[in-house]
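With the hints as your guide, set chains B and C onto chain A.
Residue strings, one per chain:
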Amino acid sequence: MRKSITFYGLTFSLPMLVWQALFFLAPLLFLIALSFWSVRNFRMEPDFNPDNWTRMLGRAVFWQAYLRTFLLSASAAVITSILAFPCAYAIAFKLSETARRWAIFLMVIPFFTSYLVRVYSWQIFLSDNGIFNALFAQVGIGPFGMLNSSFGVMIGYLTLSFPLVVLLQLFSLVFVDKTLIEAAHNLHCGRLRTVFEVIVPSAKVGLVIAALFCFILTFGDFVSPLYLGGGDPPTLSILITDTTKSGQQWPRAAVIALTMIATLLAVAFAAVSFAYRERGR
Amino acid sequence: MNSFNSNRLIDWALKLYVLLSFGFIFAPIAASFVFSFNVDRFPSLPLGGFSMIWYEAVWADPLIWEGLRNTLIAGVVVSALATAIGFGAAYTDFRYKFFGKSVYMALALLPPTIPVVILGLAMLAFLSNISLSGAIYSVIIAHVVMCAPFAMAICRLRLSQMDPSLEAAAWNLGASEWMAMRHVIIPFCKPAIFAALFITMAVSFDEFAVAWFVSGLNETLPVKVLGFLQGQVSPRINVIGTFVFIASMTLVVLAQILLMRRSGTPATTSAAAPADIGVVTP
Amino acid sequence: MTDQALVVFDGVAKRFGNFVAVEKLNLEIRKGEFLAIMGSSGCGKTTTLRMLAGLEAPSEGEIRLDGKRINDLPTWNRDTPMVWQSLALFPFLTVRENVEFSLRMRGADKAARRRRVDKWLERMQITEFADRNVAHLSGGQRQRVALARSLVTEPQILLLDEPLSALDAHLKVRMQSVLSNLQRELGITFVYVTHSQSEAFSMADRVVIMSRGRIEQIGNPQEIYRAPRTKFVAEFLGSSNIFAGEVSNVSEAAVKISTPAGEFDVVPNAAKPLSKGNKATFVVSDDRLHLSNRPPEDRLNRLQASVVGEEFVGATAVIHLEGAERIEIKVQKSHDELEQLNLEPGAQVWVSWRPDATHILPGE
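So the protein sequences, as listed, match chains A, B and C. Its first residue numbered 1, the first sequence is counted upward by one per residue in full-length UniProt numbering. Its first residue numbered 1, the second sequence is counted upward by one per residue in full-length UniProt numbering. Its first residue numbered 1, the third sequence is counted upward by one per residue in full-length UniProt numbering.
Bound conformation, chain A alone (with noise of 0.2 Å):
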């Protein structure tokens, strides 16, 4: 089967190659010129200017949009994780074949619904005279002020990641070696001991992982952190909407985007290597 490059294998492997290497892969690499470029008379010249990257470093505004979407991130992860997992649990324990295979279907439904939509439907539920409000004045609470606070960011952040995290989750539970809970059983292991001694150690790849593609996701986003969360502070990913729509400060949001990269990469490759750390030798 390995023969040597032919005509035949070309049509069907460079498409990818070539589309990716040049819409993906450039445009990223573009980023990092880009971000070393210099603007004048509001217009965009090629440059090797480091100061985009001082100035933007500099700036105490940055740090903070920074620690706000880092924090904000990171408590989505270990929320979402948190409020996904009996799910996921349950869905891979307690249900039935049938049943299972329904829940997995309704997850992957939202994949699929704008989630534009959505965040616009919860500023319905959450507004000061929002359904929720009237719903409490019903039985003589509140008004509660749900919407432009970090509780409405964590709702979006929640409707965002909640179904991918149950269903990596999911998957990763039901793969766990049902012996093993037997045997945790067998050695005088409790019901729910078993869940934090076994099934939790046993699915743990998975279970990084899930919360990591939350982190990825929720870090990302703009759009709850400005239409729940009401944008103030701003964090990263709405400082970058911000710099890029108003004007030609492409620069500095590359220099945003690039600092987002990395903060990725590092938190992805700390995640994968405690997910799959090994005990002893």
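Since the hints were derived computationally from the structure, they do not count as laboratory data. Yeah, the Cβ is synthetic: ideal placement off N, Cα and C, and Gly gets one too.
Quick list of the computed label-pair ranges, beta carbon to beta carbon:
id, chain 1, residue 1, chain 2, residue 2, range
1, B, Asp-163, A, Lys-204, 33 to 43 Å
2, C, Ser-59, B, Val-76, 51 to 61 Å
3, B, Lys-190, A, Phe-136, 47 to 57 Å
4, B, Val-76, A, Gly-247, 32 to 42 Å
5, A, Tyr-8, C, Gln-332, 56 to 66 Å
6, B, Glu-66, A, Gly-247, 24 to 34 Å
7, C, Glu-62, B, Asp-163, 44 to 54 Å
8, B, Leu-20, C, Gly-107, 33 to 43 Å
9, A, Trp-63, B, Arg-182, 57 to 67 Å
10, B, Thr-250, C, Glu-62, 51 to 61 Å
11, C, Gly-107, A, Arg-59, 51 to 61 Å
12, B, Asp-163, C, Ser-40, 22 to 32 Å
13, A, Lys-204, B, Phe-26, 28 to 38 Å
14, B, Ser-131, A, Trp-102, 41 to 51 Å
Straight-line C-alpha distance at most 16 Å; calculated EDC-like pairs for lysine to aspartate or glutamate:
id, chain 1, residue 1, chain 2, residue 2
15, B, Lys-15, A, Glu-97
16, C, Lys-330, C, Asp-286
17, C, Lys-330, C, Asp-287
18, C, Lys-279, C, Glu-263
19, C, Lys-31, C, Asp-79
20, A, Lys-94, B, Asp-11
Computed list of chain A residues with no C-beta within reach of chain B, every gap over 10 Å:
id, residue
21, Leu-71
22, Ile-82
23, Ala-270
For chains B and C alone, kept in the frame of chain A given last:
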């Protein structure tokens, strides 16, 4: 696990939790549907009267028609290109071993892990630098990058169900590589190819961030929704949301049916779930 | 002491939906014995073991351990450690942590845990691997870890579910002697489920043979081998030729049984008194049959059969033959003996055996 070592109360609590989770997931989708028929501009409880005025408003809005047209054009072209490219990559992975294959695969699968704002900015900067931004084909270029990995995953899954010696058997019976592709591989992958067409189209229909960066004045429908979101409260979002939901779900369900008919499992995603959970083997 | 029952299965049945895995099982397992439960897959042997471990709930009947009913005791409150076919070692724990697991679950303090674990690592000769990842051990080492993990709490009973089936032949035999020695030294009860006759017969004090959820025979290995009770057991042991027919004449020394393959003299069996006209089934072990090209002496049972083929089994060969009415017969012989004979496929040969080489099945 067997029923012996489980507690009925805990089981019910867990099942209730699953229901609540679905409640959380589907509440905004359902609310959007309900409020699209609500007469009030500012949605609140109790509901105002039933009305189609927002549907009429959307119907009468030429900007929305233009957005829809752009979305459809982009969606159709994107799905065709992304599926072709994705199928090629899946076949390459299935059949060939070569130096640097891991790099090739990384390039094929990485785009969905890059945050859309970053992808949007990079695309905008790069495409405008080579004068390709601000047009409908800019959206197409970007969406193909984002959708091809999904098409590839779907086709690869199907190919992994194929006996690799089928192709060799075809050659052995005198078929050329091209004929084997035409008469063995493609017929075998047909359901996956159609599923990939529908899924990539659905993804393109919903994508707003990168499209917002690169589309310029040729906004697609989701980009228009983003615009509405920035403006004041507008139930038109609910109307569009309901439309897009129905369109996307039709595509997804079609894809599901195609994949199910051949492989016998109800969900593409559940192919990874082994069938023996919850069954006690004597 | 040794004959006292440790475990009693009292009319225990297990159904999965419509499928009956175990039917009304009555079985006593004695203190300190090595009991093997044997049968082909799906015979209910593993289900029986799992009900004892508390991994499966009986549909009816009662299981008693040390005189106490344990039906409703969850598995984590029983002292019935088990060794799985897959061993079920925790891959995310080191060897030491695996062995320590059940002590930790019982809240033993650190010093006591360490002492016990060290003792068992030592005993199973795996001390040097204590800090290894279990995934990096060899098959034999993993077996020892699994045994240490189950025995560290020093239970009165150990359940083993085909633990040796994944090992190669040499290691299998070595682990068999490790297990037998261990059982003798500890003096505790081993319940060993297997489909392998050689494992069961070489280690067990008593063997239970199960088929389709029922016990076919219980006894010590020699008993079962020499005097199978039913056709199933004879077939399962695999080395017997089975003849079924009707008693045509009974004298003090012999029973004449008329079968489709001919009429044969058979030694009477005290466990199965027969009179003329009864149905009867008898077996002859394949190594007690003789082959010849000429007719044998008159006092021997004999029949003529045609050669079907030869199966090579190491030092010996098994000749497959077909008698009248397509009755299948197999004969085990050394290669030297076979060279004297014409055994071309299709050739007609005489098969003969002494009447005292036969055994009447009491259960048929």
